Amino acid sequence: MHTFRITLLLIAFLLSATSHAALEIEITGGSAQQLPLAIVPFAQVGNPTDNLSNIVAADLKRTGMFRLLETGGVVSRPAEISQIKYAEWAALQAQAMAVGKVEVLTGNRLNVSFQLVDVLKQTQLTGMQYNIAPNQLRATAHKIADAIYQKLTGEAGIFASRIAYINKMNGRYALQVADADGENALTMVSSKEPIISPVWSPDGSKIAYVSFEKKKPIIYVQSLSGQRTVLASFKGNNSAPAWSPDGTKLAIVLTYAANSQLYIINADGTDLKPLTKSSAIDTEPTWSPDANWIYFSSDRGGRPQIYKVSSSGAELQRVTFEGGYNLSPRISPDGKSLAMVRNDGGKFRVALQDLASGQVQVLSEGGQDESPSFAPNGRVLLYATRLAGHGALAAVSADGRVKQRLNETGGDIREPAWGPLIK
Amino acid sequence: MNKPTWNSKLLSTLVMALLLAACKSTPMVDKPAAVEDKSPAAASAATKPAEVAAADTAAVKEVVIDGTATNANNPLKDPSNILSKRNIYFDFDSDAVKAEFRPIIEAHAKYLLANRTAKVVLQGNTDERGTREYNLSLGQRRSVAVKKSLNLLGVQDAQIETVSFGEEKASANCTDEACAKQNRRADIVYENE
Numbered sequence: 001m002h003t004f005r006i007t008l009l010l011i012a013f014l015l016s017a018t019s020h021a022a023l024e025i026e027i028t029g030g031s032a033q034q035l036p037l038a039i040v041p042f043a044q045v046g047n048p049t050d051n052l053s054n055i056v057a058a059d060l061k062r063t064g065m066f067r068l069l070e071t072g073g074v075v076s077r078p079a080e081i082s083q084i085k086y087a088e089w090a091a092l093q094a095q096a097m098a099v100g101k102v103e104v105l106t107g108n109r110l111n112v113s114f115q116l117v118d119v120l121k122q123t124q125l126t127g128m129q130y131n132i133a134p135n136q137l138r139a140t141a142h143k144i145a146d147a148i149y150q151k152l153t154g155e156a157g158i159f160a161s162r163i164a165y166i167n168k169m170n171g172r173y174a175l176q177v178a179d180a181d182g183e184n185a186l187t188m189v190s191s192k193e194p195i196i197s198p199v200w201s202p203d204g205s206k207i208a209y210v211s212f213e214k215k216k217p218i219i220y221v222q223s224l225s226g227q228r229t230v231l232a233s234f235k236g237n238n239s240a241p242a243w244s245p246d247g248t249k250l251a252i253v254l255t256y257a258a259n260s261q262l263y264i265i266n267a268d269g270t271d272l273k274p275l276t277k278s279s280a281i282d283t284e285p286t287w288s289p290d291a292n293w294i295y296f297s298s299d300r301g302g303r304p305q306i307y308k309v310s311s312s313g314a315e316l317q318r319v320t321f322e323g324g325y326n327l328s329p330r331i332s333p334d335g336k337s338l339a340m341v342r343n344d345g346g347k348f349r350v351a352l353q354d355l356a357s358g359q360v361q362v363l364s365e366g367g368q369d370e371s372p373s374f375a376p377n378g379r380v381l382l383y384a385t386r387l388a389g390h391g392a393l394a395a396v397s398a399d400g401r402v403k404q405r406l407n408e409t410g411g412d413i414r415e416p417a418w419g420p421l422i423k
Numbered sequence: 001m002n003k004p005t006w007n008s009k010l011l012s013t014l015v016m017a018l019l020l021a022a023c024k025s026t027p028m029v030d031k032p033a034a035v036e037d038k039s040p041a042a043a044s045a046a047t048k049p050a051e052v053a054a055a056d057t058a059a060v061k062e063v064v065i066d067g068t069a070t071n072a073n074n075p076l077k078d079p080s081n082i083l084s085k086r087n088i089y090f091d092f093d094s095d096a097v098k099a100e101f102r103p104i105i106e107a108h109a110k111y112l113l114a115n116r117t118a119k120v121v122l123q124g125n126t127d128e129r130g131t132r133e134y135n136l137s138l139g140q141r142r143s144v145a146v147k148k149s150l151n152l153l154g155v156q157d158a159q160i161e162t163v164s165f166g167e168e169k170a171s172a173n174c175t176d177e178a179c180a181k182q183n184r185r186a187d188i189v190y191e192n193e
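For the record, the sequence lines run as chains A and B.
Read left to right, the first sequence gives residues 1 to 423 (the working numbering).
Read left to right, the second sequence gives residues 1 to 193 (the working numbering).
Mixed in with the good hints, there may be bad ones.
Stated by the list, open to error - When the alpha-carbon atoms are kept at most 20 Å apart in a straight line, the in silico SDA-like pairs for lysine to any residue are as follows: (1) LYS110(B) / ASP93(B); (2) LYS235(A) / GLN156(B); (3) LYS347(A) / THR175(B); (4) LYS181(B) / GLY346(A); (5) LYS214(A) / ALA107(B); (6) LYS215(A) / VAL230(A); (7) LYS347(A) / VAL121(B); (8) LYS214(A) / GLU161(B).
Simulated from the structure, these hints should not be mistaken for laboratory data.
The structure displayed is predicted, hence computed values, not measured ones.
Let the sequences and hints guide you as you build the complete structure.
Here it is in structure tokens:
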């Protein structure tokens, strides 16, 4: 099989000068069918601060599903479908192209419009118009990328979603939230003591996490608007929160009785119920999308493996059998695959198991890869890796072909959690 | 306490400190080296303020005497006493207390039985390998394993608290086993230390 590799440092020319993230994209696998796509730089009427077509192009490029065509050699710069000279774009071998413009309106508003065009059929595929404030430019670019992605692939785009992660900076731990491309990072909470295990509520309005600020692990829930409450502060460790798909309950881990065991608690901190009872470590719960099962890791069989327990606690099954050390289960949004961290001959890597066949594919190539988290459309997994001695984020497509590294400068990043799609 | 023993202890303390510095230890890991009053650095640091304070040589002596007095009165701080040893080390993914650490645990059990008001916090730690949540649970099991050893020797739960830091207090960027094994441990910390 032919393998080719494209390595691009996009910071210089695809992202704006105000960008904070260096992004390296590495696409492996010669059989990738990449759709040739031209994103014509959007016409800018007035003086908008950022060229949002660059953000659109970067989002689409990162999926590895498109071949973004170099448009610099084409003389014309169409801003709407009526201005397109199709012969020029057909000569570039473009199958689809996007054109658009940003106009400055009175009252500090911007009008953004775009059209996605089928170059061969010379017809519009989709088009949108947005009236926005200048600080919504990035978000609008991500929405446009989502619209293009959805039209060309038939699947929901994920560019307008957000990610959360822990960043250790200058000896402090910060829970940060950023756009899915790593830009626009905002700190939700920071502490001198460790913060671990962030997880989004299904509606994307809150994050549950574990903080050691009281010298022991306690679970907090914090809304993006800043409201912070204690979810669980029982004797011993309180950790590993996981929201139920409807957001009304969380599975958590307590050492209340003795060793780490799973419990279920209401989202308001009431009605604590034990879920597992073993003399082993039971931890890292995560719900199946249909809420019938809670997957978790346990060393009840000697070595850590993935198990599942019914949400009533009545039924229990072992899920992983291959490999001597499997941790951190995450179920894909369609409920068909299990992502996990596998000790692969001393290397900790992200692996994906097909739940129907039991077949396992190791997806990542690092030595300390952890915390896999599915994109809301299930196509990509975000995970934590180590790069030159510090923690960084990486992503891999669920088929293993497209690999990316996302590296916020000056930080030590771990435990990414991909948020839900925001309607 | 004779001089040769004192020097060899000092040497081993320094070697320990250097080894730990080589893998960028956090202050937590520095516990064995934190026998401050015996190191030359600490001694010279103690001398300096006295010089600034108009060469009050009596104050310098006082620091030295005070140090010896503290060690004599507090067996927990006396480097020649086994009670100053506080780290129980474990194998990878294991909470089995190894035989070589029995004497340390027995000494602390004896001390806790003789001093019923004394309380210990057992802090479980792991190396960076494995996931954070699993390591939090594993660290807890290590602290519980030490607690159970103390229980078997007659120490009551009222004198013991178990906590885990998982891998959160591990020295970052351990590249070899010698460094990683320093992180796989439970620390015996007395209340108000």
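Results for each hint:
1. LYS110(B) / ASP93(B): Not satisfied, since the Cα-Cα distance of roughly 29 Å exceeds 20 Å.
2. LYS235(A) / GLN156(B): Status holds; Cα separation ~17 Å.
3. LYS347(A) / THR175(B): Measuring from Cα to Cα gives roughly 13 Å; hence the hint holds.
4. LYS181(B) / GLY346(A): This hinted pair holds, its Cα atoms lying about 15 Å apart.
5. LYS214(A) / ALA107(B): Measuring from Cα to Cα gives roughly 30 Å; hence the hint is violated.
6. LYS215(A) / VAL230(A): 15 Å, holds
7. LYS347(A) / VAL121(B): 33 Å, violated
8. LYS214(A) / GLU161(B): 15 Å, holds
Against the hints set out earlier in the document, violations occur for numbers 1, 5, 7.
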